[in-house]
Every structure is written in structure tokens, then in C-alpha cells.
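**Student:** The whole structure should be built from the sequences, with the hints applied where relevant.
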Amino acid sequence: MNHSAPGMKTSVAAPLAQPLPGVRRPATAWIGIVLLAVALAVLPFVLTGIGTAWVRITNLAILYCFLALGLNIVVGFAGLLDLGYIAFYGVGAYTYALLASPHFGLHLPFWIILPIGALIACLFGVLLGAPTLKLRGDYLAIVTLGFGEIVRIFLNNLSRPFNLTNGAQGITLIDPFRIDGFTFGKPHTIGSLVVSTPVNYYYFLLIVLVAVIVLNLRLQNSRVGRAWEAIREDEIAARAMGINTRNMKLLAFAMGASFGGIAGGMFSAMQQFISPESFVLVESIMVLSMVVLGGMGNVFGVIVGALLLSYVPEVLRYTVGPAQMALFGRTLIDPEVIRMLMFGLALVLMMLFRPAGILPSAVRKREFETARRPGNGQGTP
Amino acid sequence: MTGEVRPVLLDAQGITKRFGGVHALSDVDFQIRRGEIYGLIGPNGAGKTSLFNVLTGIYPADGGRFVFDDRPLIGLKPNEVAEHGVARTFQNIRLFANLSALENVMIGRHVRTRAGVFGAILRDRRTMDEERAIEKDAYELLAFVGVHRRANDLAKHLAYGDQRRLEIARALATEPKLLALDEPAAGMNATETAGLKSLLEQIRARGVTILLIEHDMKLVMSVCDRVLVLDYGKKIAEGPAAEVQRNEKVIAAYLGGGVELAVRRRTSPEVRSAVQ
Amino acid sequence: MDTFLQQLVNGVTLGSVYAIVALGYTMVYGIIQLINFAHGEVVMLGAMVAYSVIVALAGAGGALPPLAILAIATLTAIPVCMVVGYLLERVAYRPLRRAPRLAPLITAIGLSIVLQNIALIIWTRNPLPYPQVIATVPYRLTATPDGATITNVQIGIIGLSIVMMAGLLLLVYRTRFGVAMRAVAQNPQVAGLMGIDINRIISATFALGAALAAVAGVMDASYYGVAHYQMGFLLGLKAFSAAVLGGIGNLAGAMLGGLLMGMIEALGAGYVGELTNLCHLSGWSDALAQRCVNDPHLELFGSNYQDVFAFVVLILVLVFRPSGLLGERVSDRA
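One line per chain: the protein sequences are A, B and C, in this order.
In terms of this note's numbering, the numbers along the first sequence are unbroken and rise by one, the last being 381.
In terms of this note's numbering, the numbers along the second sequence are unbroken and rise by one, the last being 1276.
In terms of this note's numbering, the numbers along the third sequence are unbroken and rise by one, the last being 2334.
These aren't lab readings, by the way, just hints derived from the structure by calculation.
Built from N, CA and C at the ideal position, the CB exists for glycine as well.
All the given hints hold, so there is nothing to weed out.
Computed list of chain C residues with no C-beta within reach of chain A, every gap over 10 Å:
#1 Val2083
#2 Trp2123
#3 Tyr2139
#4 Asp2146
#5 Val2153
#6 Tyr2173
#7 Glu2274
#8 Asp2286
Chain A side only, calculated, beta carbon under 10 Å to chain B, not exhaustive:
#9 Leu215
#10 Gln220
#11 Val224
#12 Gly225
#13 Asp234
#14 Asn244
**Tutor:** Structural data, given as C-alpha cells:
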């Protein structure tokens, strides 16, 4: 392997300007990590105390983190706006449901189906991406939106002439995860401790989430991640530097889609029931908002965004309804509507006043600031 | 031209490019030899940047062919051209403005390195070795062009002259055989230009051939071995700098001698007869 | 042949509505290169406001002739929509005019959600049966008794669309305002230097598009006989696809694209079932033939795929001819 540029003989005495990413952490950081791990391990039991529903909500929140991180690869890293992301989630969910339910009488184990789901979703991603990735950003957004709708319409109608998806009724009795006789679908008792079904999944999801976070961080800090950043910054310059922008964009798209596919499979197993209702446009927009609100391109920002948008509506659900009852004696406005209103307003207000998100990626933030300074040509691409 | 004749690196034959009815380049031939600094000059709108864009694959050529390093270059995408060993800078600097100077150069290493998604995720030894090498090479290149002290600053926060140098470092990171520079001295003061001149000579000393578009005639005349002159998309002269300087067509193109010519070219027959 | 004629009539009607909505997208895009994602919601608001007016007037005793009721309702919806269109631009797009492209797109999505939910609060989440103030009268187009027909409502929609399109063209090509608008579309900076108030022109463009949208909303709801707080979403997307098909930024393109989109959808919905009926292949397989005895409509795709056509057209156009049928080259790198 010859890494050096031609005639690279000038030896430089100065130390490397930047430590290599993520090689060593100070002891305090480790203590923090351990404390966080303990807190997360105990969390489901605390939540069970408040109400089992909160464990389920937490599970869904983790799933949303997962989805948002997948979309972040596409939107945050590579700068491609995808409004049909939920379609890949749907593809993964249906793959799992069809291969592990009485619908076709197939009951494959989850560790086989999840990769299959990821692969199929990835295939869909490539199919959609290959012809459309040369389009300008806002056009790509609309095309992906259209794609998402097409997938949903097909899921809804593929019950005839051959019953593939069971149409709007959806698929029921989907197998829970099972590992060698241990099923996630039932409570287990360890000593006097009862570990309920949602708590089983909680731990599983948590482990997967940690893996996904590590994966995201490592991707961002790599040759591939830099190529994505370059494309996001200036596509023409990126190509002139020898980056195959088409392939790299396709790679981002395919990776994002695979993430969506895996998340879909987990959703299927957890809910044990899916229907096209779960894969509507609003869900795509929801996941996109998590990425945008949290801070495009920043892994931890995206997680904050996902948790916020998962929990706040639930809190609303439990507070706004009763509050209205107490004040007016009846529910004037459905909490769901209030949730959507707040969500729409949040999108608008964030873009107007904090376009880089709650925890902006350093890079994105600077980009937005340049854009807003009047008279700076860099803003309008 | 003095000394021995070096082998040809880039052979351009009959390069033609039209934009609608405008002939940006018509039938341009030239050869660049290994290890030389080859100047490309001409008045504004002569087709210099168009030639760059056709060479580097940003525009497809309407006719002609490039043979680079004994391989045909026509019809390739910009990234493939870079892979073949042609790197460029841009007239209006196109750095990755929100990335650090070091990252900019590291991205230049992309085309000569291989780590993929699995390497990135698994961080195996080979990937980490490569990462370290990328960073080291990038830093050395920054030092070579003299911007290493600003390695961690965002590219856009660099001084103008440093941005030009950073862009050269980024291009060098792709290990080019031919480095195509589009007006690198534009906007530089005399001191900076002098520094640029010595940088160009150092780059040549590393074995990299340079194709240079430049308006600063002093720089062109002092650094270029040979010069190609374009006017209205046509080659009007080619040869050693000193010869070209005395060429009458070149003088006419640069000093208003072409005014009459231009009127004739730009007007329709009716208007022309009316004028006469 | 009668099915064909009937679907053609339906397609032209639908296409007229799409064309009117598409004009709104294309005008805004032409002037500031922005996809006004919330435009469909303005159409919905137009239909909803007119609905309330119609219900109020019709309930008031029926002293007014039906056409007057419809006219008053539409004329009420227009200013409301114009205000909404103006506010959209003022509040959400103008501050982001220099921001990266994605920013206004995201605000637009947010606004869509807000407008939909406001409509939900005011007009409930149920589909509202649109009052048929004008009794539908079908006119036969062929001699056969159960042949193709065209209704008075369809004639009204098509006629009104033609009048509005002609009016718009006159406005854009024959007035001072139109010249200013085209100047801003060409080059806002230079237009500004020439003394044109760019912001006023942009606001006016949004308001103009919204006025058209209001009428389109009333037409759409009257045609289908139903209004719903989510009706703007699909309608908007289809109209946007129509604008892209014709060549976004091009007025004639939006009209042509709208018309074509309507016809593609109507003919597609009318024929896709028959075309993809697997029973045509009965000769090839006995098993298939047997199934077809019980179920002669073994269609791969039925008319429930109607909504897919617009998206398929959109994707195909963007992939193969991003500039649309009449447009200039618009697709560019990020």
C-alpha cells in the first residue's frame, strides 16, 4: 500500500493536528457511561411503577431513535431530503410479518428475517435512488414522498388478486422474537422480579440502539462519512476530487433504507400486528422532524429530537384531555389534534428561529449561519 | 523551448464545445509534456475555463479527444478523470467551506484510499492504518503548501490566499499526474503571487505536470515553459512563453486590435453591410 | 368506445381543476424557485370556507338562486384564501428566502400540518357532504341511451377554468403587473434595481395563486360532492405533478400538464383493471381459467390504484425529462 502523494518527502515535525477519532476516553467519561448504563437498566422497572404503558411508549421511542438515526445518514450526512422514508420501515415490517405469521404459515426465526428485511428494504432504496438521486434536493423530496405513497397504496391493495398483504385489515398474530425457547412475547420471572413483555423488548431495543449509535458515529468519522460531507457541501467539487457521487449517494440511501427495514421488523414483532395505517406520510414527516429538530447530522441531536417527539405527544395525551375536562367539562379539542398542531408549529418555528436544531451538528450550524447572512452568495445554492 | 523534448502527458486533438450557437471551443489541439508548466491564456471569454471543464469531464465535449497518459479521457465523468490523475482547482474557489482545512485535504485522499462501509464500522486494523495515513498525508500536504497552522480552522475562515493554497493541497492529495489550476493568482497581492510561483515550482519538482490558466502575465511568463493562447475558442498561438509574447495575433487579441474583428464576427450580414 | 368518451370527459374536467391548482405551484416556482408545499391546503380551505357559506345561505331560506349562492360562496372563499396565501409567504417563506432549499420545504410541511389541523378543528374530521345547490343535469353525448354524458357541473368547471386561464394569461402578458412579475422571475436583483418592489410582486403572486386555488377547491368539492380536511394533500400533489409534467415555471405548461394529468388519471382508472385482468391469459393456464370462472375480475391492478398514476408520471418525468414538456432545463445539482 502506498499512501503517499507523489514526492511526499517533506517530513513535518509538528504533531498531528487532531487526535484520531474515538480512540481513548478519560476515566470520568467511563464513569459517566457506567452510570448511564445503570440508569437505563433500571429505567423500565421505574416506568412499570408509573404504568406499563410508559414502557411501551419508551420502546416505541427507542424505535423512533433507530429510525431517525437511519434517516440521519441520508438527510444529515449526505444531505438528501427523503420524505418517503417510512416506506422502507413498512417494507421491513411486512417482510417480517409475512415470514413469521399464520398469514402464509411461515415462522422463520427473527435473526434470519431481520437481515432479509434489511436487504429487501435496501433493494427498494436502490431501486428508488438509482434513477432519482441526480435530482435537485426539493425534487428528490417530492419523488421520495410519491414513492412512499405508492408503497402504502400497494400495501393497502395487494390483497387481490393474490392475497399478499391482506389489504387494509393488515396482518395479525405475528410471531414475537424467540431465542432458543426464550420468547420475548411472554413475561418471565427471575427470582421475585417479573420481567414483562415490553421490558423484554426494551432491553433488546436498547442493545440494538447502542450498536446503531456506535455504527453511526463510526460511519460519520470515516472515509465514507467524509465523502458524504463533501457531497453535502459542494457536489461539483466532490466529484472533481474523484468521489463517485452517484455511488456514494446511493450508498447513503441504501444504508438508510436498510436501517428502516430492520426497524420495521422489530416493530412488527413488538406489536404483533401491522397494517398500512402505520406507514403513512405523517410518519415519514415525523421521523424527518426528529432529525431536523434534534440537529441534522448530529447523532446525539437526532436522538434528543426522536425522544422529544416521542414523549411530548404522550405527555400531552395524558394531560391535555383531563385538563380540558376539568376546565370545560368536555374535550373541546382532541389531544391528537393539539399534538399535530404543535408539531407543525414546531417545524415552522424551528426553521425560522433555530434552523440548525436543538443540538446542531457543528458543521450544519455554520452552514445555516452563512446562509442567513445577507449578501453572502453561499446561501442560495 | 529549451532542452530535451519530454514525452507527452496530455494530447488534445480537435476539442470542440458548443453552447447553443456559441462555439466556446473550436477544434483546439495541443500537447502537454510531462513535467512542464503549461500556460493557458487568452482574453476573458476565450474559452479557457470551458477547456478545463471539458478536460475534467464537467461538460461533455462535442468533438475531439484527449489522450492522457496513453489512455483516452473523453466521455469520462469528473470523478473518473480525477481517478486517471487529473486534479483541478476552480476559478471561484470551491472548498468544502464548512469543513476544516485538514478535512478538505483528507477528502482529496478519497480517490487513492479504499476503506468502505464495513471498514468504517468494524474499524479493523487496515482501516485504522489507512485513516492514520490519510490524516498524516493530508497534514503533510497542508505543510507543503504552508497552511498547516490553520489545519483545524474551517476552510471558509482562511485568508483568501490560504484558501487558494488549500485548494491546491486538496487537489494534490488526489495524487495527480496533471494539476490544472484555474487562475490561482487571482486576487493575490505581489508577495502572495511570488509565493505561489515558488509553490508551483516546488510542485513541478515533485514530478507533477501543471496546466495553468492565469491572467497575471508576469507570472505566466516567468513560470511557464510553454503557453497556449486561446481567443474566441480558437487556438491562436502556442509555444515558449517568450515567443508567444511577441506573436502579433496574441498582441492583437489582448490589445484592442481585435475590435474591428469582433464587430465583424458578432454582427449579421445585414448589419455589417449597413455599417459599411 | 363510450367508456373512452366518458373517461375523456371526466379526465378533462379533472384536468381543468388540476391545471388551476398547478398554476399556483408554477407561478410561485417561476418567481422564487420554491415548491409551495402548502398550496394544496389553500385549495382545501377554499372548499371549506365556501362550504360554510353555502350551508349558511341555503339554510337561510333559499331566497337566493343557486348560482348566486355558489358565486357568493366562491367570492367569500377567494379573499380568505388570498389572505392565507399572503400570510404563508410573509411568515414562513420570506424569512427563509436565502436559506438552503430544504428549510422552506420543511416550514411548508409544518404549515400544511397546521392548516390541516385548524381545518379539522373548525370543520371536524368527517368528510362533509358538499351541498348540491345546482341540480346535476346530464347531457347525452351520443345517440345510445346509456352512452357517455357530460353534466352541467362539468361544463361549468371546464368553462370557468378556461375563463380563468385566459384571464391569467392576459394579466401576466398584458398588464404592468404582469411585466413586473415576469421581470422578477427573470432576475429579482435587476428587477429590484429597476424600481420594482420585489416583495410586493412575490406577495401578489402568492395571493393570485391562492385565489385560483380557492376556486379550484370549490370546483373539486362540487364535482366530487365531498370536502374533507385532508383533501388538499393528494390534490396538491397531483397538481404539482401536473406542473412538473408541463414544465414547472411555465404557465402554458401547467395548463397542459394539468389537462394531461387529468386524462391520464381518468383513462388509467378506467382501463387499468381491464388491461391487467389475468383472465385474459386463461388460455395459457387451466388453473387460471378455473379461477376465472368464479372470479372473472382477476385484476392485478384495479381503479383503487388511481392515485398511483400521478406519482408514477411524476417520477417518470423527473427521471427522463426533468424540464417537463414545455419547460426550460431546471434540474440542477443540489
